[in-house]
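Chain by chain, the residues run as shown.
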Amino acid sequence: MGLSSERVRVAHLLRRAGFGARPDELDAYVQLGFDGTVTRLIEYEAQPETTDPAPPEQVGLEIWWLNRMLRTRRPLQEKMTLFWHGHLTSALTKVRNPALMLNQNQLFRASALGRYEDLLRAISRDAAMIHWLDLNTNRKGAPNENYARELLELFTLGIGNYTEDDVREVARAFTGWSATPAGEFVFNRNQHDFGPKTVLGQTGNFDGDDVCALLAAHPATARFLTTKLFRFFAYPDPEPAVIDRLADAYLASGGSIKTVVEQILRSPEFVSERAYRALIKSPVELVVGALRTLGAEQVPPQVTPVMRLLGQQLFNPPNVAGWSGGRSWINPSTLLARFNLGSQLVAQVGTPAVGGQPAETLLQGASAPEAQVERVLDLLVDGTAGEDERAALVAYARQLNGRQRVLGLLRLAMALPAYQLN
Amino acid sequence: MLRIPRFQHWRTGVALAAAGTVLLGGAALARSHTLPMPLAAQTAPSPTAAPAASPAPAHGQRLATVTAISQNPPSFTVRQANGQLVTYLVRPTTVFRAGKDRPASFDQLKVGDRVAVRGRPSQDANARAADGQWVARLVTVRPAGEQPAGSSPGARAAKAHQKGGSRGAIQ
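For the record, the sequence lines run as chains A and B.
Residue numbers for the first sequence follow the working numbering, so the first one is -4 and each next one is one higher.
Residue numbers for the second sequence follow the working numbering, so the first one is 9 and each next one is one higher.
The hints are simulated quantities; they were obtained by calculation from the structure and are not laboratory data.
Any given hint could be a false lead.
What the hints assert, rightly or not - For the chain A half of the interface with chain B, some residues (derived, Cβ under 8 Å), not all of them:
1) Pro51
2) Gly55
3) Leu56
4) Glu57
5) Leu87
6) Ala94
7) Thr175
8) Pro176
9) Phe180
From the three backbone atoms N, C-alpha and C, an ideal C-beta is built for every residue, glycine too.
Produce the complete structure using the sequences and hints provided.
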């Protein structure tokens, strides 16, 4: 079936540029049409800010953020916050200060679709990042190259586009950049190397901001970052011509992430058959997507240990390269845990822990087994399912009645292979 | 479209998954926690707020109860499990957190809160300020009245409902 209808295209867009849609939301977005939905997502500042049911001081960072993803009227802003969290990584296990991680998260949210140079300058001053990559021990005469190396390799140019001399010179440019444990940026003039540096063939008395400008404007950064964004939103192996086009747009716009993301979402590649169901849902997308589809109002705290089992703990990427994603999310044990998770969430909808209406209300108006099966498939997998899968679901439904039938159908449909795909 | 492994008999697989729910849930609960040590036996807070000269505090990771808070200078006093009173100075560099992933601050600290404090000299030669008092570097707080993760009535009810829903739905 693929992206054969406007409804399916809009649902695909909302899964990729957000975390999926509630049933009533999807109807409203379909009214806007695909292009109108892209505009609504990109121009998210016209939408109201998300209200938090509970602050992070009360529920912890993970649940707080998951709740934001669940309740947001700005799904693309939250999706980009997640992207930046996995790209410009820091982890609570080393930072050990939730307030700093929260500040960093808010920085990503505020900079979601801004200019990349501005974000690089801000993240270089971010206390969580400074502690994560040891920038606070980077001093004149004894530079610590950790931040410089990851800045070049993972955050901007990509491996093969710089030399070891560049790493050393960039480290010198950032000497004296530090932060207090309480999160305040500090520039220690006495520890800064004010001498001339040569970075990527250019020489000057560069400081950290100058380096950020050089890196953000470099063609290798344009290709590296646009490739990563395309893989995040569309499919894993973009054609070189597509990246050429996106990199040109990035450079022509002065490094505008908004320009690049909008081009990706409006590209023919994004709505191609190649893009449809081409990505495996991350644990975050699985949890939040399921809760949004089921009409939940808050995230139950029990999901966070399960997400850890599935390989994704927010605010704790496994290493500086972030989460590998893709097929790494699926193995025999995580697949079973993913099925379990869907089953648990279905049971919890309508309870005080999760809120929303009981699951039976999702199938209102459909009473016959065949009609309920179609409604469930439409709700969870755009109506796409093989004839054998449909027949099996109908046969199952005929054995049960009422709430048991509805819950059972939802659970089984969440175990379909298509549901594990984004 | 990406192809991932399909269950040949996926209904059976889901039934097995439901049976595995309790096992996975139990393992997950065992891992979830907000503070590393169980609560020590509580003692009544001291009626006095005046901090005395502090002998060397006990191990920095054991929970102690806040008995007094002062703003001038910023400091707090705790009663440790052995009954010893220790006063910690709060500096701008002191980090507060509630559990592992909840931000906290000195302003939110209350008498009766349970805390684990890092500030022992054997952990940090600079922990002791020039005037001989202890300086807190990292304070992990469990606010007064808060239960460990998974022990609240709401958490127990959610867990009971979750178990009942799983047994009822899969035939």
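**OP:** Double-check Leu56(A) for me: the hint is only fine if its C-beta lies closer than 8 Å to a C-beta in chain B.
**Re:** holds (4 Å)
Original post:
Do the numbers back the hint for Leu87(A), that is, is its least Cβ distance to chain B under 8 Å?
Top reply: holds (6 Å)
Original post:
Taking the closest Cβ pair, is Pro51(A) under 8 Å from chain B?
Top reply: Interface hint status for Pro51(A): holds (6 Å vs cutoff 8 Å).
Original post:
Minimum Cβ distance from Phe180(A) to chain B below 8 Å?
Top reply: Violated, about 14 Å.
**OP:** May I ask you to test the interface hint for Thr175(A) with respect to chain B, counting a Cβ-Cβ separation under 8 Å as satisfied?
**Re:** holds (6 Å)
Original post:
Against chain B, is Gly55(A) within 8 Å by beta-carbon distance?
Top reply: holds (4 Å)
Subject >> Status of the hint placing Pro176(A) at chain B (closest C-beta pair under 8 Å) >> reply: Because about 5 Å separates Pro176(A) from the closest Cβ in chain B, which is inside the 8 Å limit, the hint holds.
Original post:
Any CB of chain B closer than 8 Å to the CB of Glu57(A)?
Top reply: holds (6 Å)
Original post:
Given Ala94(A) was flagged as interface, is its beta-carbon under 8 Å from a beta-carbon of chain B?
Top reply: holds (4 Å)
When the structure is compared with the earlier hints, a violation turns up for hint 9 alone.
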